[in-house]
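*Asks:* Based on the provided sequences and hints, a complete structural model is requested.
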Amino acid sequence: MRDTLLAALSASASADAVSWLRGQISELSENFEKHPFYYAFSGVSRRFDKAATIQSENETIVGWDEFRTARVALLLVLAEKDKDTFLESFSAVLNTADIREQIALFSALRWMRHQEDLVESAVDGLRSNIVDIYDSIALDNPFPQEHFTDEAWNQMVLKAIFISRPLHRIHGIEARRNQALAEAISDLAHERWAAGRLITPEAWRSCIGFIDERIAGDIAKMAESENPDDRAAAALVVAEEESGKLESRKTTLADELSKIEIGDLSWKSLGQEMEDKIIRKSLT
Amino acid sequence: MRFFDSHVHMVSRTTDDYQRMAAAGVAAIIEPSFWQGQPRTEVGTFKDYFNSLIGFERFRASQFGIKHYCTIGLNPKEANNEKLAEAVMELMPLYICKEGVVGIGEIGYDDQSKMEEKYLIRQAEMALEADLPIQIHTPHRDKKKGTNRTMDVLVDVGVSPDKVIIDHNNEETVKEVLDRGFWAAFTIYPHTKLGNERMVDLMLEYGAEKIVVDSAADWGISDPLAVPKTAALMKERGVTIEEIEKVTYHNPLAAYGQSGQVEESDWEDHEGIDATALFEGNTLFRGGQDIDEAMSQYLIE
Numbered sequence: 036m037r038d039t040l041l042a043a044l045s046a047s048a049s050a051d052a053v054s055w056l057r058g059q060i061s062e063l064s065e066n067f068e069k070h071p072f073y074y075a076f077s078g079v080s081r082r083f084d085k086a087a088t089i090q091s092e093n094e095t096i097v098g099w100d101e102f103r104t105a106r107v108a109l110l111l112v113l114a115e116k117d118k119d120t121f122l123e124s125f126s127a128v129l130n131t132a133d134i135r136e137q138i139a140l141f142s143a144l145r146w147m148r149h150q151e152d153l154v155e156s157a158v159d160g161l162r163s164n165i166v167d168i169y170d171s172i173a174l175d176n177p178f179p180q181e182h183f184t185d186e187a188w189n190q191m192v193l194k195a196i197f198i199s200r201p202l203h204r205i206h207g208i209e210a211r212r213n214q215a216l217a218e219a220i221s222d223l224a225h226e227r228w229a230a231g232r233l234i235t236p237e238a239w240r241s242c243i244g245f246i247d248e249r250i251a252g253d254i255a256k257m258a259e260s261e262n263p264d265d266r267a268a269a270a271l272v273v274a275e276e277e278s279g280k281l282e283s284r285k286t287t288l289a290d291e292l293s294k295i296e297i298g299d300l301s302w303k304s305l306g307q308e309m310e311d312k313i314i315r316k317s318l319t
Numbered sequence: 073m074r075f076f077d078s079h080v081h082m083v084s085r086t087t088d089d090y091q092r093m094a095a096a097g098v099a100a101i102i103e104p105s106f107w108q109g110q111p112r113t114e115v116g117t118f119k120d121y122f123n124s125l126i127g128f129e130r131f132r133a134s135q136f137g138i139k140h141y142c143t144i145g146l147n148p149k150e151a152n153n154e155k156l157a158e159a160v161m162e163l164m165p166l167y168i169c170k171e172g173v174v175g176i177g178e179i180g181y182d183d184q185s186k187m188e189e190k191y192l193i194r195q196a197e198m199a200l201e202a203d204l205p206i207q208i209h210t211p212h213r214d215k216k217k218g219t220n221r222t223m224d225v226l227v228d229v230g231v232s233p234d235k236v237i238i239d240h241n242n243e244e245t246v247k248e249v250l251d252r253g254f255w256a257a258f259t260i261y262p263h264t265k266l267g268n269e270r271m272v273d274l275m276l277e278y279g280a281e282k283i284v285v286d287s288a289a290d291w292g293i294s295d296p297l298a299v300p301k302t303a304a305l306m307k308e309r310g311v312t313i314e315e316i317e318k319v320t321y322h323n324p325l326a327a328y329g330q331s332g333q334v335e336e337s338d339w340e341d342h343e344g345i346d347a348t349a350l351f352e353g354n355t356l357f358r359g360g361q362d363i364d365e366a367m368s369q370y371l372i373e
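As they're listed, the protein sequences go chains A and B.
Residue numbers for the first sequence follow our numbering, so the first one is 36 and each next one is one higher.
Residue numbers for the second sequence follow our numbering, so the first one is 73 and each next one is one higher.
Because the hints were derived from the structure by calculation, they are not lab data.
Hints may be right or wrong, so weigh each one.
[Claimed, not checked] Within a straight-line C-alpha distance of at most 30 angstroms, the following computed DSBU-like cross-link-like pairs (lysine-lysine) qualify:
#1 A:K69 - B:K149
#2 B:K119 - B:K186
#3 B:K155 - A:K69
#4 B:K186 - A:K118
*Replies:* As structure tokens, then:
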């Protein structure tokens with residue numbers, strides 16, 4: 036992974052910056068010390084361009100800024116160290132991290148060792164009100180799927196729905212469906228409707244396999260909605276639900292179901308469409 | 073006109089102050105680490121304080137279209153608590169190379185004790201290591217001797233005077249500071265430090281070279297508009313616009329710009345300081361009815 040990150044940086048950043056980073060990596064690999072690591076990790080901001088966007092064959096890092104990419108490369112060095120050194124320095128930089136540093140730390144979780152010891156930090160990071168920090172944990176990141184308890188998982192997904200994040204980018208959004216989450220989503224939808232507000236249609240994906248009478252009623256409401264995104268979501272639920280509890284909706288949703296049939300509609304396409312409608316908040 | 077107030081403790085100020093500063097043309101500020109009015113007893117409160125300087129306070133300023141930078145350091149008062157001071161020395165390397173950290177500060181002497189000297193030296197060495205400017209707090213008591221002693225210590229450590237901003241100067245200290253090649257900052261702070269009429273007199277005598285004007289507004293009776301008000305008084309008293317811009321904008325930018333962490337484009341790229349513009353996606357202050365009133369009394373005694 037380190038080579039992938041360095042190659043991507045070489046195509047984007049100045050030769051001086053990349054050679055500085057290579058020097059830091061080789062120095063820290065051979066002789067790791069805390070202070071030089073702190074200086075290097077934060078000092079990335081002195082040498083790289085935060086506005087530059089990374090291009091790479093590795094999809095995971097496409098769109099990252101140079102700061103995040105360079106800092107993850109440094110964290111890969113830290114990850115090779117013994118457990119105590121690793122955990123001490125990881126938590127030291129995390130507890131003192133600015134926004135972009137936190138984004139790098141959470142993005143790196145998937146490549147770290149001793150992941151079981153980092154779960155608390157990730158759960159805590161999701162409490163942030165800064166959307167870019169939340170995204171770095173919840174979106175395009177396999178870590179929560181692999182390590183979160185159902186309780187933490189459900190909180191993460193509910194918050195994603197609450198703050199309108201694109202659910203299709205959450206790894207394991209299908210695999211980690213559960214009864215409690217389905218019920219909480221239905222509750223949230225009812226709260227929103229009572230207030231005259233909407234809920235992202237992607238939310239219903241997490242209810243498949245847990246359709247009870249109440250949620251069947253929610254899907255029926257979606258199927259009859261004037262909003263095409265709601266109907267699309269209802270059709271996607273109906274098409275996947277195997278319990279037979281939603282069979283009667285198939286006639287209302289015939290158009291949407293045929294789109295699914297020919298591959299014109301999927302959770303991904305719906306999710307991307309919703310994402311385009313979300314105005315992203317920028318970093319401060 | 074636009075201003076760069078290179079010394080102001082915004083954690084102690086309200087959003088009203090941010091609004092008025094933005095309306096008066098303050099484009100960027102530096103928030104030095106300092107004590108909080110009463111001594112801290114745990115290193116954890118330093119960590120959270122530093123975190124707020126690089127985090128929430130920066131965000132808060134951005135909501136008013138003001139670009140916020142900071143300096144990181146252990147102030148001399150709290151340097152006298154050795155156990156705490158040692159813990160802060162362990163903490164500082166985590167912060168000093170961060171984005172937007174433009175120096176080590178404010179450090180220096182208070183009582184001029186041995187302990188204060190020990191941590192002044194340690195932090196000066198840290199500044200050398202991280203290649204950062206130093207922001208110096210000069211003592212209130214025995215100021216002249218304390219200022220000279222600070223400069224002696226820094227030169228001994230090997231710091232270049234050009235990378236040091238000596239703050240809270242007055243008529244008694246300025247000559248030696250400038251003669252020795254340091255930046256001389258003046259804090260316009262009512263009652264206890266320096267009124268702005270004296271500042272104008274000093275400008276008329278020493279010119280604008282290597283002179284910086286700041287507010288050091290904090291939790292005491294102080295004025296976050298001290299820099300724009302002093303500029304107004306300077307203009308009335310016949311200081312040239314070029315010189316006014318130097319001491320209230322270009323000089324602090326040049327001095328702290330040596331960190332590589334602050335440049336004009338940081339705020340100019342974002343529609344300058346047009347009060348109706350957006351700043352990185354946040355709505356900038358649009359009102360300002362009270363600013364004319366606030367600025368009409370620009371004499372600070």
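*Asks:* Which numbered hints does this structure break?
*Replies:* 4
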